[in-house]
Structures are given as structure tokens and as C-alpha cells.
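**Q** Line by line, the protein sequences are chains D and H. Each residue of the first sequence is one higher than the one before, starting from 10 at the first, in my numbering. Each residue of the second sequence is one higher than the one before, starting from 147 at the first, in my numbering.
It is worth saying that the hints were derived from the structure and are not from the lab. Yeah, the Cβ is synthetic: ideal placement off N, Cα and C, and Gly gets one too. Careful, some of the hints might be misleading.
Stated by the list, open to error - One-sided excerpt, in silico: chain H residues whose CB lies under 7 Å from chain D:
{"no.": "1", "residue": "A323"}
{"no.": "2", "residue": "S331"}
{"no.": "3", "residue": "L333"}
{"no.": "4", "residue": "R335"}
{"no.": "5", "residue": "E344"}
{"no.": "6", "residue": "Q348"}
{"no.": "7", "residue": "S349"}
{"no.": "8", "residue": "A420"}
{"no.": "9", "residue": "L421"}
{"no.": "10", "residue": "W460"}
{"no.": "11", "residue": "R461"}
{"no.": "12", "residue": "R464"}
Unchecked claim - The calculated label-pair distances, taken between Cβ atoms and stated as ranges, are:
{"no.": "13", "chain 1": "H", "residue 1": "L324", "chain 2": "D", "residue 2": "D35", "range": "45 to 55 Å"}
{"no.": "14", "chain 1": "D", "residue 1": "A152", "chain 2": "H", "residue 2": "R461", "range": "45 to 55 Å"}
{"no.": "15", "chain 1": "H", "residue 1": "R459", "chain 2": "D", "residue 2": "T27", "range": "43 to 53 Å"}
{"no.": "16", "chain 1": "H", "residue 1": "R458", "chain 2": "D", "residue 2": "A152", "range": "49 to 59 Å"}
{"no.": "17", "chain 1": "D", "residue 1": "L26", "chain 2": "H", "residue 2": "M433", "range": "47 to 57 Å"}
{"no.": "18", "chain 1": "D", "residue 1": "D79", "chain 2": "H", "residue 2": "V246", "range": "20 to 30 Å"}
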Amino acid sequence: MTTLLEVRGLTKRYLGLTAVDRVDFDVEAGAVVGLIGPNGSGKSTIVDCLSGFEPADGGHWRLDGRALTDLPAHRIARAGLTRTFQTVRAYDELTLLDNLCVAAQEEDGVGWLAAMLRTGRLRSVEAAATARARELLDTVDLAEYAQAPAAVLSYGQRKLLAIAAAMMARPRLILLDEPVAGVNPTMVRRIERVIQQLNAEGTTLVIVEHNVDFIMSLCRRVIVLEEGQKIADGPPGLIRSDPRVLAAYLGQRGAAELGQGRA
Amino acid sequence: MRAGVTRAFLVLLVLAVLFALPRLTGNEYVLALGVSFAMFSVLASGLNLVYGYTGLLSFAQVGFFGIGGYTAALLVTERGWNLGWAATAGGALAALVGLVIGYSSLRLSRHAFAIVSLSFALLCMIVARDWVSLTRGAMGIPGLPVPTLGFMGREWRLSRPADFYYLLLGFAAAAHALMYLVVSSRLGRAMRAIRLNEPLAQSQGIDPLRYKLLALALSALLAGMVGGLFVFYLTIVDPSIFDFYYTETMLIMVILGGPGSFWGVLVSSAVLAALPDLLRFTTDLRMVLYGAVLIAAMLLFPGGVAGWLARRRWRRWRRPRVSPS
Numbered sequence: 010m011t012t013l014l015e016v017r018g019l020t021k022r023y024l025g026l027t028a029v030d031r032v033d034f035d036v037e038a039g040a041v042v043g044l045i046g047p048n049g050s051g052k053s054t055i056v057d058c059l060s061g062f063e064p065a066d067g068g069h070w071r072l073d074g075r076a077l078t079d080l081p082a083h084r085i086a087r088a089g090l091t092r093t094f095q096t097v098r099a100y101d102e103l104t105l106l107d108n109l110c111v112a113a114q115e116e117d118g119v120g121w122l123a124a125m126l127r128t129g130r131l132r133s134v135e136a137a138a139t140a141r142a143r144e145l146l147d148t149v150d151l152a153e154y155a156q157a158p159a160a161v162l163s164y165g166q167r168k169l170l171a172i173a174a175a176m177m178a179r180p181r182l183i184l185l186d187e188p189v190a191g192v193n194p195t196m197v198r199r200i201e202r203v204i205q206q207l208n209a210e211g212t213t214l215v216i217v218e219h220n221v222d223f224i225m226s227l228c229r230r231v232i233v234l235e236e237g238q239k240i241a242d243g244p245p246g247l248i249r250s251d252p253r254v255l256a257a258y259l260g261q262r263g264a265a266e267l268g269q270g271r272a
Numbered sequence: 147m148r149a150g151v152t153r154a155f156l157v158l159l160v161l162a163v164l165f166a167l168p169r170l171t172g173n174e175y176v177l178a179l180g181v182s183f184a185m186f187s188v189l190a191s192g193l194n195l196v197y198g199y200t201g202l203l204s205f206a207q208v209g210f211f212g213i214g215g216y217t218a219a220l221l222v223t224e225r226g227w228n229l230g231w232a233a234t235a236g237g238a239l240a241a242l243v244g245l246v247i248g249y250s251s252l253r254l255s256r257h258a259f260a261i262v263s264l265s266f267a268l269l270c271m272i273v274a275r276d277w278v279s280l281t282r283g284a285m286g287i288p289g290l291p292v293p294t295l296g297f298m299g300r301e302w303r304l305s306r307p308a309d310f311y312y313l314l315l316g317f318a319a320a321a322h323a324l325m326y327l328v329v330s331s332r333l334g335r336a337m338r339a340i341r342l343n344e345p346l347a348q349s350q351g352i353d354p355l356r357y358k359l360l361a362l363a364l365s366a367l368l369a370g371m372v373g374g375l376f377v378f379y380l381t382i383v384d385p386s387i388f389d390f391y392y393t394e395t396m397l398i399m400v401i402l403g404g405p406g407s408f409w410g411v412l413v414s415s416a417v418l419a420a421l422p423d424l425l426r427f428t429t430d431l432r433m434v435l436y437g438a439v440l441i442a443a444m445l446l447f448p449g450g451v452a453g454w455l456a457r458r459r460w461r462r463w464r465r466p467r468v469s470p471s
């Protein structure tokens, strides 16, 4: 397995608080890695820093050997690292097809003039993008809404649309920021299926979640954060029984009770 | 496809009527309304590109308009340039200024841009009034000569009222065609994406600054050029070309027509260009009336007529669903 994402010494401070404290980790190509931790442990901050939405105060990271540290967000996206947002985002007034096609248009190298004049090349890349968009809408079960504006979707459907949009430009790696937060159990299973399907097609994913069961069933490797520091990193079975993780989540007493319950 | 053919046919029909108008009526008042429509529709369409598509509230458009007007007037009177080149130079200078104020303020925030654009428009008026050696101060440059346009080796002297009508209408048609090429292409789609959700656009590899600067430069170019042509119709350029009246009229056209709707703004600028003359009996109250309409529209009708129509079309997608997840 080759290393796709390499993060070293990532640090982020807000005023006096160190939200992320010298975090190191690697993500192997083709993996689905979970990133969990209690509220305020720095998970989302890591996503914001790696994707260029928050400037990091220290550390560096590479995607497939290419340094991404301190690049602006759109450059990081073009380098192949995309993300979704915790507060789900979509272009409400655009159709689902446009929501997806716009997500790929900066990657195909067709210039502004060609776009204005609708050259043959532009038409062929747009046709390819539309075909891929329809395929992805199929994957996330939203094909019937292809021509509908995103505003009519439900919350869970918007989460699916966001995942599909993040896939449009065929990224190397996607950071999913709480893909199932606030979503009903049926939709959770649907999102889980979609993630598995995308991974089977070769996409590497890092998933930030509060829903521990979701992470444990989906990921073969889990990283646990507490107060900005990495406290555990390994397969779900080991994470479940790691005393530091249990203490971080449940406090000492809760950890003891859970230990009995599982036994 | 059929809707596209119908629309193209309608556009050709309207253009044919507009160009035949001077032959159908010798009424100079009607031609003056046509000139006003041509001028304002270009300004409003430019503001629509900046505000309706990329989401930047710009008060700077009137500055671009006036810069084009002054530049063209000075180049023709002082340097003896042909009007076509003078207006193009005015547009180019306006676009350059637009890029400078955009680049310097947009890296901060949208709000910084709005404030800088407002200051810029006020500054333009002060410079026009006080830089007397260049602009001749508050009196402006009156008595602009009857201009000539060089066209394929032939000189066209714009001496009749109908000449300016043809010139401005022709320019407006070309400007709108260019604008339409931009907004209906995927450039327009990216601009709308930036307005609707800028962080999402960034996460998809779109560089918002480039698109905002494109919108700003294109709108400034067209506003500057139309300003350069319009002052020769007025035969005078003075600091009142930077008047807030132009800004307010542009804003009301965009907001009532529907920000982000090319056709909506085009239609609303036609209606509203005719309206001030219907409201002529209340000259003093006109600006107050405009202000009131603007506030009411912002509160009750935020998407304009086009936005309201689009929302009606969306209804068919809103079927009863299982409880939102």
C-alpha cells in the first residue's frame, strides 16, 4: 500500500487555545479512515486546515508526494483533495446536474474564451461531465431530480448531493465532514452504501464523525483525537478497547461500565 | 430547443422593430426614450453581471460610466480622436480602474468591496469637480462637437437625432450579445455558484477572485464605452455624470428584473427606462419614489420578477415527501 496523504506536525491555534497540536498521520491509497473524538477535539479543524479553509499555524502535508501546505483552497481542490462541509452546502438555485457539472469545470483545462464560444472541445468535455453527473446522481439515488433545483431536496438528500459533488472531479482523496450528522437511520445506511461504493471504485476517504458506530462499521482504521492530540490510531477492534479512548469518550466510570457490557 | 427558437425569433422581431422605429415615427421623444433604454440597459446588465451573478454589491458602475464619458470627451476635443476609438479607450480605462479597485478590495471581503466601490464613486465626482486643469471643474466640458465614426473607410457624421439612436442601440445590441455569451456559458454558471455558496465553489477548485474580476472588468468596459457614447448625445460631460441617480436607477432595474436573470433585467430596464418620463410630473419626488420602490422590492420581492417566476416553476418538484430526514 502506498501512502497517499502524509500529515506531519499539523498545528492550529485559536487565540490561546491549541485546537490541533502537532498531529501526524498517513492515509494509504484506497483506505477509508475514520477520524473521531469528543466535541472540540479538533477533527473539523483538521479538515479545514488540510483543505485550505483555515491557515495552519504549523506542520505540513502532502498528497501523493506533492506539498499542499498553505495553498489556497481552490488549488488544493485542483490538486485532488476535496471535502464536504459539516453544515451541508449546495447551490440551491442550480439544478442538480449543474450543481455537479460546475464542480468539475475547473479541472478540464478548457479556457474562458473556448467556454464562451462553445468550441467543439468545450462541448465534448461538458457532455462527458454531464454523463458523469448522471452516473453519480444514479449512485446517490437522486437521478429523478436531475433537472430540479437543489433547494427542493431534503436534508439527507443534500448530504448525498454534496458527496456526489465532491466526487465529480475524480479526486484522489475526499474529506467528509460529518456525513451522517442529523440524518435519519435509513438515510445513514444509504450514505454508508454510497461511501462503500465510492471506495470500491478506488476513492480514498477520510471521514470525520460523531456517530461512532457508523465509523466503526465502515472503517478499517480509526484515528482518535482528544483536545487536539492524537491519542489512538488503529483498527476498530483495538480502538474500542483502548483505555484512553474509552476514558476520553465516557469518563473513567463510563469506560468501566462499557467494558463490562462488552465482556 | 423549441423555446430557444421562439426566443431567438422574438429577439429578432424586437430588434427589427427597434431599428425600424426612426422610419416609422419622426417623434424625437420616442427616440430619446430609446437612447435612454439603450444606455441604461447596458449599465444595468453590467451591474447584473457583478451583483446578480457573482454577488458583489457594486456602487462603482456609475464611476466606470463617468470615466468613460470624460475620457472619450477629452480624447475627442483635445486630441481629435474618432469617437469609436475614444469610447473604446474610455471603456478600457474604466476596465483597468475596475480591476485595480477589485483586486485591492476583494481579497479582503465582499463588504470591503461594497464600501470601496461606494467611496470610489464619490471620489470620482470629487476628482471631476476639483481637478480643474484636466476636467474643467464643475462646469464640465460643454458643447461637445458632432462626432464622426470611421467605418470601413467611410465617415459617419452623427448629426441627426436618429443617428445617436442607431449608434446606441447598435452598441447595446452588441454589448448584450457579448454579455449573453458570458452568462449563458459555464462562466455564468461558475459566477452564480460563487454567489450562491462561495466556500463550496472554492472546495471545487473555482477561484472566486478570477471570476469576480472578470465580471467587474467586463461590466466596467461596457459601462465606460456606453458612457463615452452617451456624453456626445448629451453634448456635455460634467460631474453630474457621477450622480447617484444613475446608480439608483441601475439598482432598481436589476432588483426588480431579477438579479442573476439576463432577460429579466433586460425587460425591466426597457420598462423602467420609459417610466421616468411617465413620472415626469413628479420630478422632485422621483428619487424618493425610486428609493421607496427599491426598499419595498428588497423586502417583499428579493428575487425580482424573474426570481418569482423561477420559484413558481420549482413548485412542480415540491411533491409531498416523507418527513424530512
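**Q** Give a verdict on every hint.
**A** A quick look at each hint next to the structure:
no., hint, verdict
1, A323, "violated, 11 Å"
2, S331, "holds, 5 Å"
3, L333, "holds, 5 Å"
4, R335, "holds, 5 Å"
5, E344, "violated, 10 Å"
6, Q348, "holds, 4 Å"
7, S349, "holds, 5 Å"
8, A420, "violated, 30 Å"
9, L421, "violated, 28 Å"
10, W460, "holds, 6 Å"
11, R461, "violated, 9 Å"
12, R464, "holds, 6 Å"
13, H:L324 to D:D35: 45 to 55 Å, "holds, 50 Å"
14, D:A152 to H:R461: 45 to 55 Å, "violated, 21 Å"
15, H:R459 to D:T27: 43 to 53 Å, "holds, 51 Å"
16, H:R458 to D:A152: 49 to 59 Å, "violated, 24 Å"
17, D:L26 to H:M433: 47 to 57 Å, "holds, 51 Å"
18, D:D79 to H:V246: 20 to 30 Å, "holds, 26 Å"
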